[in-house]
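S.K.: Sequences and hints are given; from them, build the entire structure.
Chains as they are written, first to last, in my numbering: chain C, 7 to 123; chain U, 2 to 115.
Source of the hints: derived by calculation from the structure; they are not laboratory data.
Careful: at least some of the hints might be erroneous.
[Said to hold, decoys possible] Result set (EDC-like, lysine to aspartate or glutamate): computed pairs, CA atoms no more than 16 Å apart in a straight line:
id : chain 1 : residue 1 : chain 2 : residue 2
1  : C       : K76       : C       : E62
2  : C       : K120      : C       : E16
3  : U       : K79       : U       : E15
4  : C       : K44       : C       : E62
5  : C       : K9        : C       : D28
6  : U       : K99       : C       : D102
7  : C       : K9        : U       : E45
8  : U       : K16       : U       : E84
9  : C       : K44       : U       : E103
[Stated by the list, open to error] What follows is a list of derived Cβ distance ranges for each label pair:
id : chain 1 : residue 1 : chain 2 : residue 2 : range
10 : C       : Y70       : U       : G100      : 25 to 31 Å
11 : U       : T77       : C       : A123      : 38 to 44 Å
12 : U       : L40       : C       : Q8        : 20 to 26 Å
Every residue, glycine too, gets a C-beta built ideally from N, C-alpha and C.
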Amino acid sequence: AQKVTQAQTEISVVEKEDVTLDCVYETRDTTYYLFWYKQPPSGELVFLIRRNSFDEQNEISGRYSWNFQKSTSSFNFTITASQVVDSAVYFCALSDLTTSGTYKYIFGTGTRLKVLA
Amino acid sequence: EAEVAQSPRYKITEKSQAVAFWCDPISGHATLYWYRQILGQGPELLVQFQDESVVDDSQLPKDRFSAERLKGVDSTLKIQPAELGDSAMYLCASSFEKGSTEAFFGQGTRLTVV
Numbered sequence: 007a008q009k010v011t012q013a014q015t016e017i018s019v020v021e022k023e024d025v026t027l028d029c030v031y032e033t034r035d036t037t038y039y040l041f042w043y044k045q046p047p048s049g050e051l052v053f054l055i056r057r058n059s060f061d062e063q064n065e066i067s068g069r070y071s072w073n074f075q076k077s078t079s080s081f082n083f084t085i086t087a088s089q090v091v092d093s094a095v096y097f098c099a100l101s102d103l104t105t106s107g108t109y110k111y112i113f114g115t116g117t118r119l120k121v122l123a
Numbered sequence: 002e003a004e005v006a007q008s009p010r011y012k013i014t015e016k017s018q019a020v021a022f023w024c025d026p027i028s029g030h031a032t033l034y035w036y037r038q039i040l041g042q043g044p045e046l047l048v049q050f051q052d053e054s055v056v057d058d059s060q061l062p063k064d065r066f067s068a069e070r071l072k073g074v075d076s077t078l079k080i081q082p083a084e085l086g087d088s089a090m091y092l093c094a095s096s097f098e099k100g101s102t103e104a105f106f107g108q109g110t111r112l113t114v115v
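M.R.: Structure, rendered in structure tokens:
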């Protein structure tokens, strides 16, 4: 079954601390995509990253970095030197190829990050 | 910058009333999704369109929910009658074509049923 688990419900850190958000997935597919989205209080889902299952290279974008490990089915997200503006709910998602040839997303339950000044 | 438009942003309705949400995807996007996000949970797919055709509505409570995308562009999601448990954020998303893996989300409609 397709499943995404985000075991951390809520994390609080003090500004400038590093923080890692965990994501573990289950999939029957050999080719799949993993995503991270940020949901600020305004409600929209903001795309952060997409990773193809064949590309296990870690990626860094500014203060954000992602660690993809197929061996442990994990796709963890680290924010370095956190800022108050990073406060949001973060969702990990897995692509699910449907019988119609389109993709839909399977989302985790999200991790609420609070960065305190 | 192109974006997915949704309206209204907020809706309060009494239980047993009808309510409708509207979504206008990014121009040219063939695939349109409606997701429901209950407070404290991740979004879950309700219905997915490819152009004007429904390709997945397996999680849509069809006794009270309906969705249409008549001309393959904008879409309407309706609930009739609304129940207290329908209180949630309703998110619309679109993607360019059938095999696209990246979807763009609108700001959502936050529904409260009282």
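S.K.: Each hint: holds or not?
M.R.: Verification of the hints:
A threshold of 16 Å between alpha carbons decides the hint, and for C:K76 with C:E62 the separation of about 7 Å falls inside it, so the pair holds. For the hint linking C:K120 to C:E16, the alpha-carbon distance of about 8 Å falls within 16 Å, and the restraint holds. For a cut-off of 16 Å, the pair hint linking U:K79 to U:E15 stands: about 14 Å separates their Cα positions. Under the criterion of a C-alpha separation no larger than 16 Å, the hint pairing C:K44 with C:E62 is inconsistent with the structure, at around 22 Å.
For a cut-off of 16 Å, the pair hint linking C:K9 to C:D28 stands: about 14 Å separates their Cα positions. Between U:K99 and C:D102, the direct Cα distance comes to roughly 13 Å. Compliance with the 16 Å bound is thereby established for this hinted pair. Proximity of C:K9 to U:E45 is assessed by CA-CA distance (about 12 Å); at most 16 Å being required, the pair is judged to hold. About 5 Å separates the Cα atoms of U:K16 and U:E84, which keeps this hinted pair within 16 Å; it holds.
Taken as a hint, the C:K44 and U:E103 pair is honoured in the structure, with Cα atoms around 14 Å apart against an allowance of 16 Å. Remark: the range hint 25 to 31 Å for C:Y70 to U:G100 is upheld by a beta-carbon distance near 27 Å. One distance hint, 38 to 44 Å for the beta-carbon pair U:T77 and C:A123, holds here, with the actual separation near 43 Å. The hinted range of 20 to 26 Å is satisfied by U:L40 and C:Q8, whose Cβ atoms lie roughly 23 Å apart.
Checked against the numbered hints given earlier, the structure breaks only hint 4 and satisfies all the rest.
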